[in-house]
Amino acid sequence: MINIGHIIYLVAVFVFLGGLYMTLSGKSYIRKIIGLGIFQNSILIFYIAIGKVRGGIMPIDIGPEHSYSSPVPHVLMLTAIVVGFATLCVGLALAIKIERGKNAGS
Amino acid sequence: MSFELSSLLLGLFGFGLCFVTISIIRSKSLFTSIILLSASSLMIMLCYLLMDAPDVAMTEAAIGVCLSTSVLLKFAKGYRHAEEAEQNSKLHLIPYFILGSIMIYAGFDLALYGEGAGSYISDYFLRHTGNEIGVPSFVAAILASYRGYDTLGETTVIFTAAMALSILLRGFSSKLSSQTSESISSNADLGSISAFRPEGVIINKDALASALSNSGSQISVREAHRSGMTPKGNIVAEVMVKFIAPFILFLAVYIQICGEISPGGGFQAGAIFASIAIGFYLAFPHKVLVNPVRVLTIATSVGLLIYASTGLLTVFLGSWYLDYYALAPDPHFAQKIGIFAIELGVGITVAAGMMLIYFLFDREAKGLQ
Chain A
1 MINIGHIIYL VAVFVFLGGL YMTLSGKSYI RKIIGLGIFQ NSILIFYIAI
51 GKVRGGIMPI DIGPEHSYSS PVPHVLMLTA IVVGFATLCV GLALAIKIER
101 GKNAGS
Chain B
1001 MSFELSSLLL GLFGFGLCFV TISIIRSKSL FTSIILLSAS SLMIMLCYLL
1051 MDAPDVAMTE AAIGVCLSTS VLLKFAKGYR HAEEAEQNSK LHLIPYFILG
1101 SIMIYAGFDL ALYGEGAGSY ISDYFLRHTG NEIGVPSFVA AILASYRGYD
1151 TLGETTVIFT AAMALSILLR GFSSKLSSQT SESISSNADL GSISAFRPEG
1201 VIINKDALAS ALSNSGSQIS VREAHRSGMT PKGNIVAEVM VKFIAPFILF
1251 LAVYIQICGE ISPGGGFQAG AIFASIAIGF YLAFPHKVLV NPVRVLTIAT
1301 SVGLLIYAST GLLTVFLGSW YLDYYALAPD PHFAQKIGIF AIELGVGITV
1351 AAGMMLIYFL FDREAKGLQ
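Sequence order for the protein chains is A and B.
Going left to right, the first sequence walks through residues 1 to 106 as the numbering used here numbers them.
Going left to right, the second sequence walks through residues 1001 to 1369 as the numbering used here numbers them.
Next comes chain A alone, as it looks inside the complex (with noise of 0.2 Å):
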């Protein structure tokens, strides 16, 4: 049946589209970077959304007799999360040399 929790997945489309926007018509590099990174948190909500299980706890073992929410999002969504960190460092270091390429050669 429909519950409210189904609002989270209409926000992660709503962010995907919102980041996809910000990437593709940002003026400058470090707004295309940030609407990169809002676009990757989007994806990353939208995957432990689906993970989560009515009833069920973090899974963390604590006796068979529970219902745990599915940890494989989780584990993929952590390790997303500190490689898109390190994507952004990235790409704010290129924007820093493309400035400083203009800089010099106007």
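No wet-lab data here; the hints were simulated from the structure.
Be careful, since some hints might not be right.
Said to hold, decoys possible - When the alpha-carbon atoms are kept at most 30 Å apart in a straight line, the in silico DSS-like pairs for lysine-lysine are as follows:
| # | chain 1 | residue 1 | chain 2 | residue 2 |
| --- | --- | --- | --- | --- |
| 1 | B | K1028 | A | K27 |
| 2 | B | K1028 | A | K97 |
| 3 | A | K97 | B | K1366 |
| 4 | B | K1028 | A | K32 |
| 5 | A | K102 | B | K1077 |
| 6 | B | K1366 | A | K32 |
| 7 | B | K1242 | B | K1366 |
| 8 | A | K27 | B | K1077 |
| 9 | B | K1028 | A | K102 |
| 10 | B | K1366 | A | K27 |
| 11 | B | K1028 | B | K1090 |
| 12 | B | K1077 | A | K32 |
| 13 | B | K1090 | A | K27 |
Everything numeric in this text was worked out from a predicted model, so none of it was measured.
Using the hints provided, position chain B relative to the given structure of chain A.
What follows is chain B alone, placed relative to chain A:
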């Protein structure tokens, strides 16, 4: 927390997230959009907590809310950008509506929220982790043991990013700081030093100029200013960072070691450890800091080496790469040793990598002022 209540709160935070995203898109200044990005990461972290993902929430809090905001702010300090031009027509939004409606239409095939699309793979992990690995945290068991090879790749990505930054951002050939530190150390007579304090030496600006001109260096006082040698600092930040640093260190070590029985692990611990160094860089901008690029590069490499060497060790002991069962006779103990070793490697690499990244952006911001 009951499912209905958590869904309701999730809906509220999701709505707030949409609002913050619109604000980021419409914001005109860079500073506003960076702070709003941090706020959106905070809301996302709360959403993760409501969706039973404490590991991911901790990582998002450490990296998304704190580290990426500080790195973006350091970047924005030295970045001169043009203001955003106002969009005239709204026609360019039509493709986004079409894309959004396609995605929502495709989303009707998804499982309902809460029904759990985990299917057989998460069932396997939930059922067999207790027997095969013996570690309470499913996330740590999957991350470090079942999918340990993926985590090696992710650690390599962090290492590569830190190395790429040190190549791009003048990591190894900083003439300014090496020259000024040489001239100061060779010509620092007592007249140029105005105060000795436990946290460092405060150098008088005029005496600094005379010392530099005496040494015949070509660097003016303005450039010495820029490298961060002026005696200024925020007393609140200094006291707070000094007070809270041991607790953060304790927390980082705790999360690193207890990552197997509670939410935590190498990634979160490394990010929290790096925040100590970032706090010191923020609170003490006037200190003459030694150049840590060499040490941090070595530390990043050592962390990755620990991880990869654990795999090589298992190969030498007769099994395949990253098979922890070869490390000890008792299977659960062997898994715990293997997980501990690679989490240590991950923690060291992430901590050193994040510190290196922040230090390079910090020096870049100071150099551009």
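Now the hints, each set against the structure:
Of the supplied pair hints, the one linking K1028(B) and K27(A) holds, its CA atoms being roughly 11 Å apart against a limit of 30 Å. For the hint linking K1028(B) to K97(A), the alpha-carbon distance of about 24 Å falls within 30 Å, and the restraint holds. Restraint check: the Cα-Cα separation between K97(A) and K1366(B) comes to about 15 Å, which is no more than 30 Å; the hinted pair holds. Only pairs whose Cα atoms come within 30 Å are accepted, and K1028(B) paired with K32(A) is accepted, the gap being roughly 14 Å.
Taking the CA atoms of K102(A) and K1077(B), the gap is near 18 Å; set against the 30 Å cutoff, the hint holds. Proposed proximity of K1366(B) and K32(A) is supported: the alpha carbons are some 24 Å apart, at most 30 Å. Using a Cα cut-off of 30 Å, the hinted pair K1242(B) and K1366(B) holds, with the two alpha carbons roughly 23 Å apart. With a CA separation close to 18 Å, the supplied pair K27(A) and K1077(B) stays within the 30 Å bound.
A hinted pair counts as satisfied when its Cα atoms are at most 30 Å apart, and K1028(B) with K102(A) qualifies at roughly 23 Å. For the hint linking K1366(B) to K27(A), the alpha-carbon distance of about 25 Å falls within 30 Å, and the restraint holds. For the proposed pair K1028(B) and K1090(B), the alpha carbon gap of about 18 Å is at most 30 Å, so the pair holds. The suggested pairing of K1077(B) with K32(A) holds, with an alpha-carbon distance near 17 Å, which does not exceed 30 Å.
Distance check on the hinted pair: K1090(B) and K27(A) sit about 16 Å apart at the alpha-carbon level, within 30 Å; holds.
Of the numbered hints listed earlier, not one is contradicted by the structure.
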